[in-house]
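Read top to bottom, the protein sequences are chains A and B.
With the working numbering, letter number 108 in the first sequence gets 108, and the count goes up by one each step, no holes.
With the working numbering, letter number 212 in the second sequence gets 212, and the count goes up by one each step, no holes.
One or more of the hints may lead you astray.
The list cannot tell twin chains apart, which means a pair is met if one copy fits it or any two copies do.
Straight line, CA to CA, 27 Å or less: simulated DSSO-like cross-link-like pairs of lysine-lysine [unchecked claim]:
1) Lys33 to Lys276
2) Lys259 to Lys51
3) Lys176 to Lys324
4) Lys108 to Lys285
5) Lys33 to Lys324
6) Lys108 to Lys259
7) Lys170 to Lys108
8) Lys33 to Lys281
9) Lys259 to Lys33
10) Lys281 to Lys108
11) Lys33 to Lys170
Since the hints were derived computationally from the structure, they do not count as laboratory data.
Protein chains: 2
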Amino acid sequence: MAEPTNLQELLQSNKKIFDETIMDFLPRFSDNKEIQSLYEMMRDYPSRGGKGLRGTICLLWCQLFGGTKSRALLTSSALELFQNWILIHDDIEDGSEMRRGLPALHRKYGVELAINAGDALHGKMWELLLRNIDDLGSDLSLAILSEFAVMLDHTTEGQQMELSWNYTNKWDISEKDYLSMVTKKSAWYTCITPCRLGLHLSVARSNSGEKSFSDILSQIVDFGTHLGIAFQIVDDVLNLVADESKYGKEILGDLYEGKRTLMIVHLLQSMEPAKKERVLKDLSKPRSLKTATEMNAIFQLMKDSGSILYAREVASKHSSQAMKLFDELVTKYPVDKTAFLETRSLFQYLTQRDY
Amino acid sequence: MAEPTNLQELLQSNKKIFDETIMDFLPRFSDNKEIQSLYEMMRDYPSRGGKGLRGTICLLWCQLFGGTKSRALLTSSALELFQNWILIHDDIEDGSEMRRGLPALHRKYGVELAINAGDALHGKMWELLLRNIDDLGSDLSLAILSEFAVMLDHTTEGQQMELSWNYTNKWDISEKDYLSMVTKKSAWYTCITPCRLGLHLSVARSNSGEKSFSDILSQIVDFGTHLGIAFQIVDDVLNLVADESKYGKEILGDLYEGKRTLMIVHLLQSMEPAKKERVLKDLSKPRSLKTATEMNAIFQLMKDSGSILYAREVASKHSSQAMKLFDELVTKYPVDKTAFLETRSLFQYLTQRDY
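Let the hints inform the model, and build the full structure from the sequences given.
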């Protein structure tokens with residue numbers, strides 16, 4: 001199995017290629033001062049680092065089923081662009097202060113310009129995907145565009161669920177509701193769609209029949225859902241316990257933002273009514289009125305009530321289920337051995353990382 | 001020439017078809033309460049009326065060069081969807097209160113949910129365009145997607161120019177700057193791209209050679225720029241002088257929003273420094289601090305200084321130039337007579353309407 005070091009090297013080298021592709025593609029210079037400033041905004045998040053997880057998953061799945069890395073390069077880079085434009089809007093919607101260790105885009109330029117820059121970058125994502133035509137032909141390019149449309153449907157639906165809970169100050173959320181939100185908001189764009197795109201880009205459609213190709217596509221939805229859920233829970237746990245210098249976001253930021261996480265769902269369900277009311281009062285305050293003392297107290301309650309441990313267990317259960325389904329899937333097909341080991345190693349990292 | 005009544009009938013009957021196409025296409029029901037609410041938000045602006053101008057231009061240009069209306073239906077409806085999602089974001093960015101006679105979407109649901117609903121609707125625009133494949137084949141469908149990408153580039157660049165002027169409180173804007181902003185922000189999506197799309201959808205590519213086809217595409221940019229400029233100036237004048245019940249937006253709303261219009265540019269250039277400083281002080285106030293007395297006083301100054309008359313003259317000049325170029329263009333090709341008359345009548349309406 002690939003060592004963690006090799007995985008980090010793989011991620012870094014892929015990330016470098018995505019960055020080059022994106023930075024070459026995005027507009028850079030304009031004679032007009034304002035438009036020049038838009039270009040700088042569009043290039044801001046893509047230049048901030050990040051791990052290149054989603055693009056790498058797409059590349060690996062292309063290789064897994066016999067495709068080459070180069071075939072999947074534009075599509076993988078477009079996945080990274082998706083992540084970048086949607087984070088610009090997410091950060092506004094969630095009232096986030098920081099992104100990848102720097103002020104969120106709307107904190108630098110204001111909400112109005114940041115919404116527009118997100119839209120401009122969103123457009124560029126589709127434009128980059130249209131460049132697939134020369135290498136991949138029209139039909140495959142169009143199939144890829146359709147996958148992006150489906151991904152965006154799920155992501156915005158998940159975001160709506162989460163934002164609505166915030167907007168209506170709803171806290172009585174079941175674990176089922178939470179998992180449904182996370183599947184839509186995270187699993188699709190982090191796991192399911194990247195794998196499905198990689199499969200489209202591989203030679204699987206010509207090598208396997210139509211039937212088994214569409215079988216694999218739907219199996220990806222199954223295991224990708226479990227994987228994405230595990231990924232998001234781990235991400236939310238890290239928001240509480242990670243090393244801030246590595247993590248790049250504000251620690252306990254989710255509590256300040258009033259984000260509904262599995263830990264919060266568990267904590268509230270395990271509390272007696274009077275104490276719960278007090279916690280809800282603090283959680284429901286606008287961000288600016290929340291104090292560090294209050295947020296740390298809630299964090300302490302989570303630890304005391306075993307909510308963090310519980311969340312880690314749920315993540316672990318979904319992670320195991322994902323790996324089991326993944327292993328079952330790949331044993332049925334003559335997959336590329338190296339890509340298999342790298343994918344497995346990446347999937348394990350997704351759910352076991354510490355930053 | 002087609003009578004105005006016929007034009008209104010044409011617009012209304014087209015609008016009805018676009019609405020049906022869009023409403024059939026957009027998701028309607030979800031078991032999940034929050035997602036159901038997203039669907040209602042996505043269907044809100046498209047259900048509010050509007051004129052269907054951009055979709056109609058696209059239909060007419062398809063017919064003008066020998067295509068059928070049905071070929072252009074999805075694309076025309078996608079243009080209307082573009083208008084709808086970008087207005088959701090525009091209304092947030094401009095701080096608009098009203099849209100088509102009702103509260104703006106973010107006034108009903110909050111900024112966070114409205115940004116996300118705009119993104120969801122934006123995704124649906126591309127998804128609708130992907131449905132072109134069955135009827136139009138891959139190559140033409142992809143050419144249409146590219147036109148949309150270019151349109152979005154221009155529109156977001158124009159929006160950035162306008163928002164930046166607002167954000168930096170810049171008022172020393174030349175007429176050239178203003179025209180450049182309006183070309184990007186309005187002319188592309190209102191005139192240039194709808195005409196170009198119609199041409200793509202017609203039979204012109206097969207009937208004319210590649211050379212003359214691309215000649216027409218670039219001539220559309222020329223006359224569409226003039227037409228779009230005239231359209232936007234007229235729209236801005238109407239914001240000052242229209243009948244509010246017909247217009248559907250707040251009268252003098254542009255003054256409250258601090259919008260840089262040709263009338264403002266002209267007024268500021270024609271004022272002596274001391275008086276100008278006073279006007280700038282009022283114009284620069286945040287919306288909530290502006291009073292009706294102050295805004296009416298600025299409106300009066302515009303009338304006194306001939307700024308509105310001047311703007312009408314500039315609009316008229318661009319309108320005439322657009323019609324001249326349009327007439328020159330169509331006389332070179334064997335265009336459909338009925339579509340020609342309807343298009344001409346529509347173009348005249350765009351720049352001579354009173355609501």
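Structure-based check of all given hints:
no.: 1; hint: Lys33 to Lys276; verdict: between (53 Å within a copy, 25 Å between copies)
no.: 2; hint: Lys259 to Lys51; verdict: within (23 Å within a copy, 41 Å between copies)
no.: 3; hint: Lys176 to Lys324; verdict: within (22 Å within a copy, 64 Å between copies)
no.: 4; hint: Lys108 to Lys285; verdict: both (25 Å within a copy, 22 Å between copies)
no.: 5; hint: Lys33 to Lys324; verdict: neither (54 Å within a copy, 33 Å between copies)
no.: 6; hint: Lys108 to Lys259; verdict: both (23 Å within a copy, 22 Å between copies)
no.: 7; hint: Lys170 to Lys108; verdict: between (31 Å within a copy, 18 Å between copies)
no.: 8; hint: Lys33 to Lys281; verdict: between (47 Å within a copy, 24 Å between copies)
no.: 9; hint: Lys259 to Lys33; verdict: between (38 Å within a copy, 19 Å between copies)
no.: 10; hint: Lys281 to Lys108; verdict: between (31 Å within a copy, 25 Å between copies)
no.: 11; hint: Lys33 to Lys170; verdict: between (44 Å within a copy, 13 Å between copies)
Against the hints set out earlier in the document, a violation occurs for number 5 only.
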